[in-house]
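Engineer: Single-letter residue listing:
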Amino acid sequence: MRGLLTGAWELDPQVALRPEPFGALAYHYGNRRLTFLRSSDLVDLVRSLGDHASVDDALAASAIAADKWPSYERALESLAGSEVIRPR
Amino acid sequence: MSRLTDELKQGLDAPICLTWELTYGCNLACIHCLSSSGRRDPRELSTVEAKRVIDELRAMQVFYVNIGGGEPTIRSDFYELVDYAVGNGVGVKFSTNGSTINSERARRLAATDYLDVQISIDGATAATNDAVRGDGSYAMARQAMDHLAAANFGPFKISVVITRHNLAELDALQALADGYGAQLRLTRLRPSGRGADTWDELHPTADQQIELYHWLLDHPNTLTGDSFFHLSALGEALPGLNLCGAGRVVCLIDPVGDVYACPFVLHPEFRAGSVRDPGGFTHVWRGSDLFRSLREPESAGACASCGSYDACQGGCMAAKFFTGLPLDGPDPECVKGHGELALVGATAAPSVPRGPDHSVPVRLSRRRVS
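Note that the protein sequences, when read in sequence, are chains C and A. Position 81, counted from 1, in the first sequence is what my numbering calls 81; the numbers after and before it change by one each time, with no gaps. To convert a position in the second sequence, counted from 1, into my numbering, add 1000.
Same shape as in the complex, but just chain C (with noise of 0.2 angstroms):
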């Protein structure tokens, strides 16, 4: 285990994704956040957070490559302080 975020985590129910050039827009409808998803691979990786039991799992299926993995986990610490993605 490397990172702060242990265990199996997901997309929030409650949050859409639009796509955008630069990555995509996170809404969350409870609590009314917008959040800027800066990487079309940080999407990706947050969409397939649900398919796998830990965020190394993840970031091993993803197409990210491993030394750039600290930094995309950073960006996930900071997406689950804003509540775009959730423990499972």
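It is worth saying that the hints were derived from the structure and are not from the lab. Just so it is clear, the structure is predicted and the values come from calculations on it, not from any experiment. You may find that some hints are simply not true.
Unchecked claim - No farther apart than 20 angstroms at their CA atoms in a straight line, the calculated lysine to any residue pairs in the SDA-like style are these:
| hint | chain 1 | residue 1 | chain 2 | residue 2 |
| --- | --- | --- | --- | --- |
| 1 | A | K1157 | C | Y29 |
| 2 | A | K1009 | C | T35 |
| 3 | A | K1157 | A | N1066 |
| 4 | A | K1157 | A | T1187 |
As the list claims (entries may be wrong) - Computed footprint of chain A on chain C; a stretch qualifies when at least three of its residues, placed anywhere within it, have a C-beta under 8 angstroms from a C-beta of chain A:
| hint | segment |
| --- | --- |
| 5 | 10-24 |
| 6 | 27-40 |
Claimed, not checked - Label-pair restraints from in silico Cβ distances:
| hint | chain 1 | residue 1 | chain 2 | residue 2 | range |
| --- | --- | --- | --- | --- | --- |
| 7 | C | A8 | A | E1080 | 33 to 43 angstroms |
| 8 | A | S1293 | C | G7 | 47 to 57 angstroms |
| 9 | C | A8 | A | G1136 | 49 to 59 angstroms |
| 10 | C | D44 | A | E1236 | 26 to 36 angstroms |
| 11 | C | A63 | A | P1220 | 30 to 40 angstroms |
| 12 | C | F36 | A | A1172 | 28 to 38 angstroms |
| 13 | A | G1301 | C | A8 | 47 to 57 angstroms |
Here a beta-carbon is modelled for each residue, glycine too, at the ideal position from N, C-alpha and C.
With chain C's structure known, arrange chain A on it following the hints.
Structural biologist: Frame of chain C; chain A shown alone:
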């Protein structure tokens, strides 16, 4: 400029959010009203037309609309439209002067999901507020807040246009919001609508702008709609996107369906089209000549030699336009003082351009704050 900001400046296929003024009718006559509201316009969108707009917003994945006016709740179909929007995944935040929020209405609002309510006041005291918004308007707004709190609505928003006279009340406004468990939202006064007549006497002084900048840095959770990005030239950037989103990521739909670049430029020069045109709102957003031109790289113009241009982006298009300043020059409230100099020259202009005016013939009292 980050890659994100660059891409936003080139515009998106759909707005991030938009402002929709449902009516020009209003029971108040605020002296700074950006839409010169008062009388209803007989050409207002019908219920069916408004629902068609909501259908488009859903299809474009616009997540929420900021509904205002005028006083939007005076439309008899107001709550029908709110329910229709929310039911279609288009969240609603509506601005109101509070006059129609009684205890029963507050309970119904509290029971509706995906709905934000924003009560407008322009001062922490009746004296300060009523001088701008009219006699009795402070008590009316506070009563609506009391009803929302009693109904456990949750964190509603208290929206304040910052003026020379209420800036000293920032801490008191924050305390008022905290007392209700509400969120404070502060926005910038623009010389738009009737604000063109009162901007000179209401806009914050240069010293007050510095005070506001530091207050905002000290209170980073304050909602601002990113409206004070011109202050970022004072140093550290304020939280938010710090760019003009007009026609790029936001726009305005007015009560008769006309689409403008932002809520503060109700003027033919910034009218992109109408939701009643063939192709509807979607076509206006994606295809209008005006919006396409606003998404082109802009020239720093007279600001090119200023080292702060990257921070302030030349300020607010509406503030420049309605004070008669060129759009590729400094904001009238430029914190480096360039706007004041430019305004001296602009006073020679024959007249300030005006947009649609629905003001009632006789205005409420316009007491000045001493």
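Engineer: Run every hint past the structure and note whether it holds.
Structural biologist: Verification of the hints:
no., hint, in the structure
1, A/K1157 <-> C/Y29, "holds (16 angstroms)"
2, A/K1009 <-> C/T35, "holds (17 angstroms)"
3, A/K1157 <-> A/N1066, "holds (12 angstroms)"
4, A/K1157 <-> A/T1187, "holds (12 angstroms)"
5, 10-24, "holds (count 5)"
6, 27-40, "holds (count 6)"
7, C/A8 <-> A/E1080: 33 to 43 angstroms, "holds (42 angstroms)"
8, A/S1293 <-> C/G7: 47 to 57 angstroms, "holds (50 angstroms)"
9, C/A8 <-> A/G1136: 49 to 59 angstroms, "holds (56 angstroms)"
10, C/D44 <-> A/E1236: 26 to 36 angstroms, "holds (34 angstroms)"
11, C/A63 <-> A/P1220: 30 to 40 angstroms, "holds (36 angstroms)"
12, C/F36 <-> A/A1172: 28 to 38 angstroms, "holds (34 angstroms)"
13, A/G1301 <-> C/A8: 47 to 57 angstroms, "holds (54 angstroms)"
In terms of the numbered hints stated before, the structure departs from none.
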